[in-house]
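Enquirer: Residues per chain, in single letters:
Protein chains: 2
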Amino acid sequence: MTLSLPTTLLRARTAIEPALHAAIERLDPDSRRLAHYHFGAGGKAVRPALALLSARAVGADEMVAVPGAVAVELVHNFSLVHDDLMDGDVERRHRPTVWAVHGAAAAILCGDAMLALATQVLLDVGTLDAVEAARRLASATQELIRGQHADLQFEQRRYVGVDECLAMAAGKTGALLACSAAIGAVLAGAPPSSVQALSTYGAELGLAFQLVDDLLGIWGDAATTGKPVGSDLRARKKSLPVAFALADSGPAGAALARWLGTEGPDSDSDIARAADLVESAGGRAWAAEEATRRLSLAESALVRASLAPDAVDELVALGRFVVTREN
Amino acid sequence: MTLSLPTTLLRARTAIEPALHAAIERLDPDSRRLAHYHFGAGGKAVRPALALLSARAVGADEMVAVPGAVAVELVHNFSLVHDDLMDGDVERRHRPTVWAVHGAAAAILCGDAMLALATQVLLDVGTLDAVEAARRLASATQELIRGQHADLQFEQRRYVGVDECLAMAAGKTGALLACSAAIGAVLAGAPPSSVQALSTYGAELGLAFQLVDDLLGIWGDAATTGKPVGSDLRARKKSLPVAFALADSGPAGAALARWLGTEGPDSDSDIARAADLVESAGGRAWAAEEATRRLSLAESALVRASLAPDAVDELVALGRFVVTREN
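Protein chains in written order, with the numbering used here: chain A, 1243 to 1569; chain B, 1243 to 1569.
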């Protein structure tokens, strides 16, 4: 099922565009140029949309969430710029990555500048709620870093357990989505129970998203994902479906473990066979079911809290779009 | 003249050690391990000492400055870890650098984590003064990044003017020293005039320090600097003495410009000859005089403000030590 980009995302992008642009203008000329190049590739603005909706969910005007929306988008893109370099990825959204065009050093500095800028955007608000938002964002950043450390290490290892793989995804994907889905409520001075519900929504959505992302990384087509078919398997990436399959005690799990111990180069049929092993060992079905389960945990968290119904409806629609995306 | 490490620096290191250690303990295990390795190499704690003295200079207990002292030290070391990678430096203080031991990706993440941690340490204080301190630190970080961008670009260029070289040094060295020398006063809620005087002290001290550092980078001996003799020249670094010499219209300036256009490899006598050209074109004498002038501007800023005399005495002694260091 292909869904069009929902109105929520388009509106969020429009709502934060002036503030994001103004923030980037504050950067030194070199970081600014690279940031413009990087943001020029587009992006879905999922995190800003969550931030804006979280303010509306607690009955506030979404404008109060704009600095939070800009800040989470900056931290997200700081991590993309640095991760692309660390992972050696030369392409993102069908364009060369920042480091591939401008070199490693400039990419490191541009990422650093975006990270520091996120703090500046929040602290310039000047309220104690904004300070709390900045603290949460810094914690989420540390979780992001923890997750990326783990992800890099997994590539060097032959076996990775499902639990540690989930913990990695909670850091790398869940933490910033949790922060995004709560930051508007924090900026609006909402009660802790509402903030917590929204944060849980974001965290569970993040895991659901990662499970789907990992499925697309193996079975998605290149036109959809913007990455070559099977690139995750080629990189011996211990994604969630792979981790589940590795824990399988049957012959498919054992054969997959053996293959992960080889070094390539891999033919397309090697990759197709590896994908079949993950599927035979139950990795594909488990990941799909787990994504559905996480999405329903996310939605339950919203329903249990006392939040504005129309914002909750939009959050639910956005979450389902993000998780079922094939765009 | 060799000076022993003054008491001020030793006391500062002791005063911030528990808080710095506690901050590092909050990092994810991988960043923590790398940060321990990096900090294990020692360091003079100049920035923490400035931070602590700036609180005493405005009549406050230096304990109020401890989070600021830890935060500036974290930002300084974030920049060292990233800069060593960008510059390809494999050794710092006679030990292999973080990236040389642990790889580029882990070094990027460790630096990122230290930068985010600096914000956390300040915001955890929970006062509006600490928010102001965090804003200043983020601005200084942006200046640091601006300076490093310029420094990297200078290496690719054949001509760099003295003014742009000073602007680069103001960003790369002056901004964080200015922030360090003011942050304790900011945390103590001191009046803007005192904060400004201390900030000016740090900024001018930073330029004096950089001038001396550049002199040592050409004429310092390896045992003192911890870097191979002439390594700045070998890297075709447009340091301040070199920029001054390049602007000289005489034969030495022209010969230096020609040599900078060559690519090496350089024999020791090539390097000695290049150093002589810098000296003949007046770069060495100018840099030494300019360092003295900047130091006296720094001291004047302190004297004009209403600050606690004994703290001012210690700041002056610390500044002179830092600038005349051959250790």
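Don't read these hints as lab results, they were simulated from the structure. Every residue gets a Cβ at the ideal spot worked out from N, C-alpha and C, and that includes glycine. Mixed in with the good hints there might be a few duds.
What the hints assert, rightly or not - Sample of chain A residues lacking proximity to chain B, with all beta carbon distances greater than 10 Å (derived):
(1) Thr-1249
(2) Leu-1252
(3) Pro-1260
(4) Ala-1264
(5) Asp-1272
(6) Val-1332
(7) Ile-1350
(8) Leu-1351
(9) Gly-1353
(10) Asp-1354
(11) Gln-1362
(12) Phe-1396
(13) Gly-1472
(14) Arg-1476
(15) Ile-1513
(16) Asp-1518
What the hints assert, rightly or not - Derived SDA-like pairs: lysine to any residue, alpha-carbon spacing no greater than 25 Å straight-line:
(17) A:Lys-1286 <-> A:Thr-1249
(18) A:Lys-1479 <-> A:Arg-1567
(19) A:Lys-1479 <-> B:Ala-1346
(20) B:Lys-1479 <-> B:Ser-1435
(21) B:Lys-1479 <-> A:Gln-1395
(22) B:Lys-1479 <-> B:Ala-1464
(23) B:Lys-1286 <-> B:Leu-1408
(24) B:Lys-1479 <-> A:Thr-1249
(25) B:Lys-1479 <-> A:Ala-1346
(26) A:Lys-1479 <-> B:His-1344
(27) B:Lys-1479 <-> A:His-1278
(28) A:Lys-1479 <-> A:Phe-1396
(29) A:Lys-1479 <-> B:Gly-1345
(30) B:Lys-1479 <-> B:Ser-1491
(31) B:Lys-1479 <-> B:Leu-1370
(32) B:Lys-1479 <-> A:Asp-1272
(33) A:Lys-1479 <-> B:Pro-1271
(34) A:Lys-1479 <-> A:Ala-1497
(35) A:Lys-1479 <-> B:Val-1343
(36) A:Lys-1479 <-> A:Pro-1433
(37) A:Lys-1286 <-> A:Arg-1255
(38) A:Lys-1479 <-> B:Asp-1270
(39) A:Lys-1479 <-> B:Asp-1272
(40) B:Lys-1479 <-> A:Lys-1479
Enquirer: Hints first: check each against the structure and report whether it holds.
Expert: Hints, verified against the model:
1. Under the 10 Å C-beta cut-off, the non-interface status given to Thr-1249 of chain A relative to chain B holds; the minimum distance is some 34 Å.
2. Leu-1252 of chain A, annotated as away from the interface, keeps every beta carbon of chain B farther than 10 Å; the closest lies near 31 Å.
3. At roughly 21 Å from the closest C-beta of chain B, the C-beta of Pro-1260 of chain A stays outside 10 Å, upholding its exclusion from the interface.
4. No Cβ of chain B comes within 10 Å of the Cβ of Ala-1264 of chain A; the nearest lies about 15 Å off, and the non-interface call holds.
5. The non-interface label for Asp-1272 of chain A is inconsistent with chain B: the shortest C-beta to C-beta separation is roughly 4 Å, within 10 Å.
6. For Val-1332 of chain A, the condition that its CB be more than 10 Å from all CB atoms of chain B holds, with the nearest at approximately 16 Å.
7. Chain B draws Ile-1350 of chain A into its interface by the beta-carbon criterion, the shortest separation being 6 Å against a cut-off of 10 Å.
8. A beta-carbon of chain B comes within 10 Å of the beta-carbon of Leu-1351 of chain A; the shortest separation is about 5 Å.
9. The beta carbon of Gly-1353 of chain A sits about 8 Å from the closest Cβ of chain B, which is not more than 10 Å, so the claim that it is off the interface is violated.
10. With a least CB separation of 6 Å from chain B, Asp-1354 of chain A falls inside the 10 Å interface cut-off, contrary to its annotation.
11. Its closest Cβ contact with chain B, about 5 Å, brings Gln-1362 of chain A to no more than 10 Å, contrary to its assignment away from the interface.
12. Phe-1396 of chain A, annotated as away from the interface, keeps every beta carbon of chain B farther than 10 Å; the closest lies near 12 Å.
13. Against chain B, the non-interface label of Gly-1472 of chain A holds: every CB pair exceeds 10 Å, the least being about 23 Å.
14. No beta-carbon of chain B is positioned within 10 Å of the beta-carbon of Arg-1476 of chain A; the least distance is around 19 Å.
15. A cut-off of 10 Å between C-beta atoms confirms that Ile-1513 of chain A is not in contact with chain B; the least separation is 25 Å.
16. Every CB of chain B lies more than 10 Å from the CB of Asp-1518 of chain A, the least distance being 31 Å, so the non-interface label holds.
17. Among the hinted pairs, Lys-1286 of chain A with Thr-1249 of chain A is consistent with the structure: their alpha-carbon atoms are about 11 Å apart, no more than 25 Å.
18. Our distance criterion of 25 Å between C-alpha atoms is met by Lys-1479 of chain A and Arg-1567 of chain A, whose separation comes to about 22 Å.
19. Distance check on the hinted pair: Lys-1479 of chain A and Ala-1346 of chain B sit about 19 Å apart at the alpha-carbon level, within 25 Å; holds.
20. Note on Lys-1479 of chain B and Ser-1435 of chain B: the hinted pairing is violated, with a Cα-Cα distance of about 37 Å set against a maximum of 25 Å.
21. With a C-alpha separation of about 36 Å, the suggested pair Lys-1479 of chain B and Gln-1395 of chain A falls outside the 25 Å cut-off, and the hint is violated.
22. The straight-line distance between the Cα atoms of Lys-1479 of chain B and Ala-1464 of chain B is roughly 17 Å, inside the 25 Å bound, and the hint therefore holds.
23. A threshold of 25 Å between alpha carbons decides the hint, and for Lys-1286 of chain B with Leu-1408 of chain B the separation of about 24 Å falls inside it, so the pair holds.
24. As the CA atoms of Lys-1479 of chain B and Thr-1249 of chain A are separated by approximately 52 Å, the hinted pair breaks the 25 Å bound.
25. Under the criterion of a C-alpha separation no larger than 25 Å, the hint pairing Lys-1479 of chain B with Ala-1346 of chain A is consistent with the structure, at around 19 Å.
26. The straight-line distance between the Cα atoms of Lys-1479 of chain A and His-1344 of chain B is roughly 20 Å, inside the 25 Å bound, and the hint therefore holds.
27. This hinted pair does not check out: Lys-1479 of chain B and His-1278 of chain A have alpha carbons roughly 29 Å apart, beyond 25 Å.
28. Between Lys-1479 of chain A and Phe-1396 of chain A the alpha-carbon distance is near 7 Å, which keeps this suggested pair within the 25 Å criterion.
29. Under the criterion of a C-alpha separation no larger than 25 Å, the hint pairing Lys-1479 of chain A with Gly-1345 of chain B is consistent with the structure, at around 19 Å.
30. With a CA separation close to 20 Å, the supplied pair Lys-1479 of chain B and Ser-1491 of chain B stays within the 25 Å bound.
31. Proposed proximity of Lys-1479 of chain B and Leu-1370 of chain B is contradicted: the alpha carbons are some 42 Å apart, above 25 Å.
32. Proposed proximity of Lys-1479 of chain B and Asp-1272 of chain A is supported: the alpha carbons are some 19 Å apart, at most 25 Å.
33. Our distance criterion of 25 Å between C-alpha atoms is met by Lys-1479 of chain A and Pro-1271 of chain B, whose separation comes to about 21 Å.
34. Taking the CA atoms of Lys-1479 of chain A and Ala-1497 of chain A, the gap is about 16 Å. The hint holds against a cut of 25 Å.
35. At roughly 24 Å between alpha-carbon atoms, Lys-1479 of chain A and Val-1343 of chain B fall within 25 Å of each other, so this suggested pair holds.
36. Using a Cα cut-off of 25 Å, the hinted pair Lys-1479 of chain A and Pro-1433 of chain A is violated, with the two alpha carbons roughly 40 Å apart.
37. For the proposed pair Lys-1286 of chain A and Arg-1255 of chain A, the alpha carbon gap of about 8 Å is at most 25 Å, so the pair holds.
38. Proximity of Lys-1479 of chain A to Asp-1270 of chain B is assessed by CA-CA distance (about 22 Å); at most 25 Å being required, the pair is judged to hold.
39. Between Lys-1479 of chain A and Asp-1272 of chain B the CA atoms are separated by roughly 19 Å; this keeps the pair inside 25 Å, and the hint holds.
40. Distance hint between Lys-1479 of chain B and Lys-1479 of chain A is unfulfilled; the C-alpha atoms sit about 41 Å from each other, more than 25 Å.
In terms of the numbered hints stated before, the structure departs from hints 5, 7, 8, 9, 10, 11, 20, 21, 24, 27, 31, 36, 40, listed from lowest to highest.
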